[in-house]
Amino acid sequence: MPEQIPPDSVGLVEPQLAIFNTPLELACGQTLPHYELAYETYGKLNSNKSNAVLICHALSGHHHAAGFHSMEDRKPGWWDNYIGPGKPIDTNHFFVVALNNLGGCHGSTGPNSVNPATKKLYGPEFPIVTVKDWVNSQARLADMLSIEQWAAIIGGSLGGMQALQWSIDYPERLKHAVIIASAPKLTAQNIAFNEVARQAIMSDEGFHNGWYKEQNDYPKKGLMLARMVGHITYLSDDAMRQKFGRELRSGAINFDFGAEFQVESYLRYQGEVFSENFDANTYLLMTKALDYFDPAKDYNDDLVAALSHASCQFFIMSFTTDWRFSPERSKDIVDALISAKKNVSYLDIDAPEGHDAFLLPIPRYRNAFKAYLARIANEVKANEN
Amino acid sequence: MRTDFQIIQAWIDPQSRVLDLGCGDGSFLKYLQEHKQTLGYGLEIDPDNIERCVTKGINVIEQDLDKGLSNFVDNSFDTVLMAQALQAVHYPHLVLEEMLRIGRECIITFPNFGHWRCRFYLTQRGKMPVSKFMPYTWYDTPNIHFCTFKDFEELCQQKQVRILNRMVVDQTHRGDWLSRLLPNLFGEIAIYHLTR
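Read top to bottom, the protein sequences are chains G and X.
Here UniProt numbering is used: the first residue of the first sequence is 1, the next is one more, and so on.
Here UniProt numbering is used: the first residue of the second sequence is 1, the next is one more, and so on.
Since the hints were made in silico from the structure, they are not lab data.
Be aware that a few hints might be false.
[To be verified] Taking lysine to any residue pairs in the SDA-like style, the calculated list, with each CA pair at most 20 Å apart, reads:
no., chain 1, residue 1, chain 2, residue 2
1, G, K297, G, P184
2, X, K67, G, M144
3, G, K297, G, I168
4, X, K30, G, K120
5, G, K175, X, G68
6, X, K30, G, E264
7, G, K120, G, S47
8, X, K132, X, L122
9, G, K132, G, P295
10, G, K381, X, K56
11, G, K381, G, S47
12, G, K370, X, R52
13, G, K220, G, E205
14, G, K370, X, K56
15, X, K56, G, R366
16, X, K30, G, N343
17, G, K49, G, K381
18, G, K243, G, K220
19, G, K341, X, Q6
20, G, K132, G, F20
21, G, K132, G, M144
22, G, K331, X, G68
23, G, K288, G, T31
24, G, K331, X, K132
25, G, K341, X, K30
Bound conformation, chain X alone (with noise of 0.2 Å):
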């Protein structure tokens, strides 16, 4: 299993309630599902991963996150997931709202673009960065709305969301002393577990 999806399985708990946002192919839901009795859906658009998870017998609801969650009755779920899609969505503001507004609790990882690596990019080649995390070039990528470390607490602090948890792990999600002691220059990717 991914290294974040270890981390963030400590923090759901058995038996409850989970939408996982993004799911893709349902790996973690299915994980959850065996290994903690969850309830768990996922929500995803792309088909290939859709009937990834049909077969496995995951809950896979199809709905374009950008539409909204309105759908979702308030308070409804135990952990609202959202791993690795925060910087593919039009608005991350309004979606950690919905989120909070859902879940109990809420669970977000995303690649931290304040890394040092992006920063070396960006002022050595003066050009987004393109790499074997982050593949894509700036005008056809989904990634539309990077951040760092210090964005996001700055917007959970306006929002005043509370941070239960936070880590911060590098590509293979092993998290090491640097990005421990300086985690907006060397941890890749950050994990959040908020609440209200």
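Just chain G, with the same shape it has in the complex (with noise of 0.2 Å):
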């Protein structure tokens, strides 16, 4: 719990239920009828819209972003590192949107809501979702908002997808994308990642094939499992070594299938919270969305053409040590953005946390985050007069 809210903090914040009632067509060839977003804002509007910023959620994240809901909150939003007062995204200068997309588990439309066609929850046949239809669904969420364009479009792993799709799809609608510890496409191993993670969930007893809020069940152990692989690729070598090495929870080896190394314990707890605090369909369809996501497919695999569509300016980032989404794979993005001829910046920052350090408040990162961040305010100041 806060005790006091800190001075950098956008403070308590509550989230508001954005409702669409005009029919959302989906990649998938479905249609929602009737959609719900809930999302979060920090910071003020200013009087020419011009100062919008879009965060884009990754895998498990969703519209709490910054801020505590209470004064009970143990923990603030999960990128609160990088959103506040004199933070990188600075809310004196940004009107922030966050959001939790379509799909998800945490307020917005997704297998837990009711499916108007059967009256009864989605579940399994929520539709497959993809980052293309996030995309449209959020430009209808810019619209409510009354924001034609977003200074900026900022989000890490799945969430720069979201921001590069942005830039492909809705060229005149963003000044800047920000994509962190992202990636064109994803590689065969980290598919095979997603497939491991999806089939613990689905090979659960507990999944009744997606049907288990109906039987009062939920796949509690595929979901731990899902998470613990996923928690293992998002950590570097060095960081496990350094956070865990092989240090033993009771001093000596016990010969038995306990948690008896200090990382199995942490594995299984972080397993088990998420496990209470994550659906299991949505998980499903999250990782599926990863996987699908390839916007050179339209453009006969080609990540140059797609690229060419683009008329924002890029910032690109990733970390050392990220070998899930790892430096090359946004290489991959910056070789084609320069190719496209657009304007792209690149930063390889040195950080020994893996995927993880997205979040993180390390030095060299945030400070060129704060820079290029800065940056963007001048130019919305110079356009405001």
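Could you fit the two chains together into a complex? Lean on the hints.
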């Protein structure tokens, strides 16, 4: 619990709900007749509505990106290190919008919403949504908020993919795309990890083919395993060694299969917490959206051709020890952008923390991020007058 | 603006595409962007310089020249520029080749080790020259491949590189009559404009 709200926090925030009754056609061919998006905003929209920044979340993220929901909150929003007054995404200058994507389990329409056609929960029948669908739904949220053009769209990992898709599908609607620890498409290895996670969930007896809510059950073990696998891939070998080493919980080995090493109990704990807070069907959907993402596919597998539609400026960052979304994948985006004659800057931040680095307050990352956003803030200010 | 940049900028066409290898704080790219509306990118490895470029609104790419430039497509730039970095790369001849592959034209500047002051220092003291201009001792210097005008021109000849322009200037980047007369002896900084 924050005994008092830190001065560089956006403070107490309240989620809002945007309701859409215009049907949304999805890439899979299905249509959502009605949907809702949970979102939060921080900072103030300026008079010419030119200072809005969209935050796109990663795999298990949601709309609560910064600040606290109540004084009883244990932790602030997931990207509180980077959003707030004086922080890189400075709420003194920017109006920040963060949302929970379609298919999510934190307030937006998803598997746990009622399907108007059947009057029961969507469950496993919730259509598979793609990054493109998310971008379309986010564009409608922008319309609702009267934001014609984002000063910047920012995201890490799966969030970065959304920023990239925005730049291709709605080039005139963003001035800057900030893409962190992301990729132009997943590698086979990455898809393989996602498949292991999905199999862990789907083979859990508590899964009931996705109808677990109706059975008053849920695939706890499957979700735990999925998260454990994911967690391992988000850290680097070094980060794990530094955090846990081979430290034993009781100081000696017991010759049994309990959680003997610290790293084992850590993974079990993280998995358990996750399984209690995240929906299995949503996890399946989100990993599929990751697997399917490939903006070049619509352009004969030519990423340069895809990106030639973009008109925003790009800021791309990767982390040296990130092996799940390796620097090479970020460089693929950078090279394609240079070939497409777009404005792009790229930093490969030396950080030992692996993929998780994008959420951590790493000084060089923070400084560069701050410098780039300060430049955007100056542009916004110059256009205001 | 540095006098070498003043000379170089005249060789760069408006609206052209420029790749600056070792772009430093991005001042020169900023100048080109503002005065010639170029589409420029700088490669840099120093974090502080990279941040300065970001602040300036310059396209900067973190990339180590010694790890190659194979990610750049053939003939994708009008001009590839490398100011005062040739002496700091592991394999200058490979970088030169890559520059000519990527760019239609190349501009290279480097300190002339054949300058009379270097020669004097070495013959008099028998030690590697240390000066205000090149303030490093031999063991901790980033400059690992010094050469003279003659050396560089031999390399260009070997590689069948065409020299479009060549200038020599002194430390303050002004060219005087002595350095024009005897460039390898009196020129401190070489500026070469090359093409295939």
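Hint-by-hint comparison with the structure:
For the proposed pair K297 (chain G) and P184 (chain G), the alpha carbon gap of about 11 Å is at most 20 Å, so the pair holds. Note on K67 (chain X) and M144 (chain G): the hinted pairing is violated, with a Cα-Cα distance of about 48 Å set against a maximum of 20 Å. With a C-alpha separation of about 12 Å, the suggested pairing of K297 (chain G) with I168 (chain G) holds against the 20 Å cut-off. In summary, the hint linking K30 (chain X) to K120 (chain G) is not supported, as the alpha carbons are separated by about 60 Å, beyond the 20 Å threshold.
Pair hint K175 (chain G) plus G68 (chain X) does not hold up; C-alpha atoms about 32 Å apart against a cutoff of 20 Å. The hinted pair formed by K30 (chain X) and E264 (chain G) fails the criterion: a straight-line CA distance of about 52 Å is larger than 20 Å. Restraint check for K120 (chain G) and S47 (chain G): not satisfied, since their Cα atoms lie roughly 43 Å apart, outside the 20 Å limit. In summary, the hint linking K132 (chain X) to L122 (chain X) is supported, as the alpha carbons are separated by about 16 Å, within the 20 Å threshold.
Taken as a hint, the K132 (chain G) and P295 (chain G) pair is honoured in the structure, with Cα atoms around 9 Å apart against an allowance of 20 Å. Between K381 (chain G) and K56 (chain X) the alpha-carbon distance is near 16 Å, which keeps this suggested pair within the 20 Å criterion. For the suggested pair K381 (chain G) and S47 (chain G), the alpha carbons sit about 11 Å apart, so the restraint of at most 20 Å is met. A threshold of 20 Å between alpha carbons decides the hint, and for K370 (chain G) with R52 (chain X) the separation of about 12 Å falls inside it, so the pair holds.
With a CA separation close to 9 Å, the supplied pair K220 (chain G) and E205 (chain G) stays within the 20 Å bound. Only pairs whose Cα atoms come within 20 Å are accepted, and K370 (chain G) paired with K56 (chain X) is accepted, the gap being roughly 13 Å. For the hint linking K56 (chain X) to R366 (chain G), the alpha-carbon distance of about 17 Å falls within 20 Å, and the restraint holds. Distance check on the hinted pair: K30 (chain X) and N343 (chain G) sit about 13 Å apart at the alpha-carbon level, within 20 Å; holds.
About 11 Å separates the Cα atoms of K49 (chain G) and K381 (chain G), which keeps this hinted pair within 20 Å; it holds. Taking the CA atoms of K243 (chain G) and K220 (chain G), the gap is about 26 Å. The hint is violated against a cut of 20 Å. Note on K341 (chain G) and Q6 (chain X): the hinted pairing is violated, with a Cα-Cα distance of about 26 Å set against a maximum of 20 Å. Simply put, K132 (chain G) and F20 (chain G) have alpha-carbon atoms about 17 Å apart, close enough for the 20 Å limit, and the pair holds.
For a cut-off of 20 Å, the pair hint linking K132 (chain G) to M144 (chain G) stands: about 19 Å separates their Cα positions. Between the alpha carbons of K331 (chain G) and G68 (chain X) the distance comes to roughly 14 Å, so the proposed pair stays at or under 20 Å and holds. With a C-alpha separation of about 18 Å, the suggested pairing of K288 (chain G) with T31 (chain G) holds against the 20 Å cut-off. This hinted pair does not check out: K331 (chain G) and K132 (chain X) have alpha carbons roughly 38 Å apart, beyond 20 Å.
Between K341 (chain G) and K30 (chain X) the alpha-carbon distance is near 17 Å, which keeps this suggested pair within the 20 Å criterion.
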